[in-house]
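Student: Listed below are the residues making up each chain.
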Amino acid sequence: MTTLPSSALPRFGPAWVAWRQHRFALGGTALLFAGLAGLLLLGGLDARDTYTQLGLDKCASFKSGTRCDQASVTFTSQYSTANLLLIFLLVLPAAIGAFLGGPLISRELETGTFRYAWTQGAGRTRWLVTKLALIIAGLVALSAAFAPAYKYWNAPFEHALPGRFGGYLPFEFDGLVFPAQTVLGFAIGVFLGVLFRRVLVGIGASFLVTFGLIMATVFLLRPHYMPARTTLGKIGSDDWGIGTSYLNPSGRPVSSADSHLLFVRFQAENLNRPNALFRDWLTARHYQIVTHYQPAGRFWTFQFIETGWMLALAAVLVAATVWMVRRRIA
Amino acid sequence: MNAVAIEARGLGKRYGRSWALRDCSLSIPGGHIVGLVGPNGAGKTTFLSMAVGLSTPTAGEVRLLGAHRAGSPDALDMVAFVAQDAALYRNLTVSDMLRVGRSLNRRWDERTAQDRLAELGIPLDRRVGALSGGQRAQVALSLALAKRPGLLVLDEPLAALDPLARHEFMSSLMAAVAEDGVSVVFSSHVVAELERVCDYLVVLQDGRVQVSGGVEDLTAEHHVLVGPADQADEVAALLPVVRERRAHAQAHLLVRCAEGFPVPPGWQHHPVTLEEIVLTYMREPAAAALPGPKAVAR
Chain A
1 MTTLPSSALP
11 RFGPAWVAWR
21 QHRFALGGTA
31 LLFAGLAGLL
41 LLGGLDARDT
51 YTQLGLDKCA
61 SFKSGTRCDQ
71 ASVTFTSQYS
81 TANLLLIFLL
91 VLPAAIGAFL
101 GGPLISRELE
111 TGTFRYAWTQ
121 GAGRTRWLVT
131 KLALIIAGLV
141 ALSAAFAPAY
151 KYWNAPFEHA
161 LPGRFGGYLP
171 FEFDGLVFPA
181 QTVLGFAIGV
191 FLGVLFRRVL
201 VGIGASFLVT
211 FGLIMATVFL
221 LRPHYMPART
231 TLGKIGSDDW
241 GIGTSYLNPS
251 GRPVSSADSH
261 LLFVRFQAEN
271 LNRPNALFRD
281 WLTARHYQIV
291 THYQPAGRFW
301 TFQFIETGWM
311 LALAAVLVAA
321 TVWMVRRRIA
Chain B
1 MNAVAIEARG
11 LGKRYGRSWA
21 LRDCSLSIPG
31 GHIVGLVGPN
41 GAGKTTFLSM
51 AVGLSTPTAG
61 EVRLLGAHRA
71 GSPDALDMVA
81 FVAQDAALYR
91 NLTVSDMLRV
101 GRSLNRRWDE
111 RTAQDRLAEL
121 GIPLDRRVGA
131 LSGGQRAQVA
141 LSLALAKRPG
151 LLVLDEPLAA
161 LDPLARHEFM
171 SSLMAAVAED
181 GVSVVFSSHV
191 VAELERVCDY
201 LVVLQDGRVQ
211 VSGGVEDLTA
221 EHHVLVGPAD
231 QADEVAALLP
241 VVRERRAHAQ
251 AHLLVRCAEG
261 FPVPPGWQHH
271 PVTLEEIVLT
281 YMREPAAAAL
291 PGPKAVAR
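Top to bottom, those sequences are chains A and B. Residue 1 is where the first sequence starts when you use UniProt numbering, and the numbers rise one by one after that. Residue 1 is where the second sequence starts when you use UniProt numbering, and the numbers rise one by one after that.
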């Protein structure tokens, strides 16, 4: 209990204030992650049991028609619902960002408490930067700690059906991307909260924006971070096939409209043959199939690209937030 | 603490197209309890917001306690602000709120704050939101005084309080001022209590300073003259009239001039209360009583 006027702020003073105000939000996030991690670990244990019962642990390759291939199909289809539900993990950065970031400053603006906070000796910039630093550090730690839980669940599936690069969730959780997405979601939430100055608008808008951005990233942007390679042969099991196109018998590329016409013709000719493959039909007519893919070796490059632009965007939003708070009318 | 407490030069604040405060120049000497009054929308909150650094002026500038620009780190250290409705974190306990104050300030007097709250019987473990309005205002005042400010600014501290809490709040404010010698500026539209509390007065009207001066000077300079209505124009030609009211054969003139002026024969002279002066000026937006330019010049 000091009574002496001192020339410096108390050590960790602003940090204590940030912690005291946001410990429930951070604690809630930790609980959410812990709960999800618990589910993934339990599910992972169960999946491993099935995996060994099916003898998949002794399989080295999954050539089609072999016993191992059969077993892997049985295995993945048994857990297809679970894996489908897990797609909801893609919502996490948007949800966490909206509920932690959206109200962070807008609640102070709405209730008027900023008039207290911004007139203290520490000043509003220090106050804001401390808050942001503390929560971002917390979110990075929590989201990075959560990623292994998904990896634990996914390991047997990845062995039976490789897809670390092209699979949505393995890419999120097997590297740097998930923490970066969470930080970006938070930065969007804080920014929109200050912009609209309303808690509910901040939460809603930032959830929609972050979720939309992540969906666009996953499905539209990510496959094109680097120009795809093409091959007439087969791609490796760890490569990420992002599309196919065709060469006509004289070796010229077929436009996508013409490809569609080809497919319609194939369907018309094979109405009674449900097992017919478009691929075989094309080969029989001397068309060549081109696979566009991102080679497995680019996994980390892609991780760095995505983490890089997301953190850069988050930094821009944080800077914009600080600027708005510094000059904001009261 | 005799430096100028607040000095505004050409201060203006525009929201969109309308000016909430315009061309406001005033100099409030230190060591006073200053009442800032004016009707709703006169620009009181706007002025105080700029003085404590919450908002930035559109034009002009405010300097505090000598030379510190409003909102600068030095000014934030030396100025304490109690916002309207005591904007504290309602989900925090009083003792957590104290720790917030301690954590965010370089100067902090924990002992005095604790003693004040104990004296007022405010439980430290109670949530701020569970306190009565009067108690909450007292907590806000304790937090502000614990900064050991050179200038204490309060925005409508009395508005939400019942008469008893109002009285207690002003008493403890005055006691604290007597102890610390802190300069106080508070805004209010409660005109009735001003005379008991403040010794300096600023009246804002339509975003401009209308009256500014020491309470003693103001009451000494204003007089009511009552006399025959048919002579009213003659008197008005000799003395600056703030307001005149004629009823039947009698005229009431509120004039502003130094004490000891010659009362015209056939006229009666009455002193006026501060409340009456303030209300008169608020009713007469065109009238103004400002100190000469010497007080503003530096």
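It cannot be assumed that every hint is accurate.
Unchecked claim - Computed far set for chain B versus chain A, every beta-carbon distance over 12 angstroms:
hint, residue
1, N105
2, P149
3, T273
To be verified - Computed footprint of chain A on chain B; a stretch qualifies when at least three of its residues, placed anywhere within it, have a C-beta under 8 angstroms from a C-beta of chain A:
hint, segment
4, 52-61
5, 74-88
In short, the hints are calculated from the structure, not lab data. Using N, Cα and C, we set each Cβ at its ideal position, and we do this for glycine too.
Student: None of the hints should be skipped; say for each whether it holds.
Tutor: Hint check results:
Not every beta carbon of chain A lies more than 12 angstroms from that of N105 (chain B), the smallest distance being close to 4 angstroms; the non-interface claim is violated. The Cβ of P149 (chain B) sits about 10 angstroms from the closest Cβ of chain A, inside the 12 angstroms cut-off, so the non-interface label is violated. Against chain A, the non-interface label of T273 (chain B) holds: every CB pair exceeds 12 angstroms, the least being about 33 angstroms. By the rule of at least three residues with a Cβ nearer than 8 angstroms to a Cβ of chain A, the coverage given for the segment 52-61 of chain B holds, with 5 such residues.
Look at the segment 74-88 of chain B against chain A: 10 of its residues bring a Cβ nearer than 8 angstroms to a Cβ of that chain, three or more, so the hint holds.
Of the numbered hints stated above, those contradicted by the structure are hints 1 and 2, listed in ascending order.
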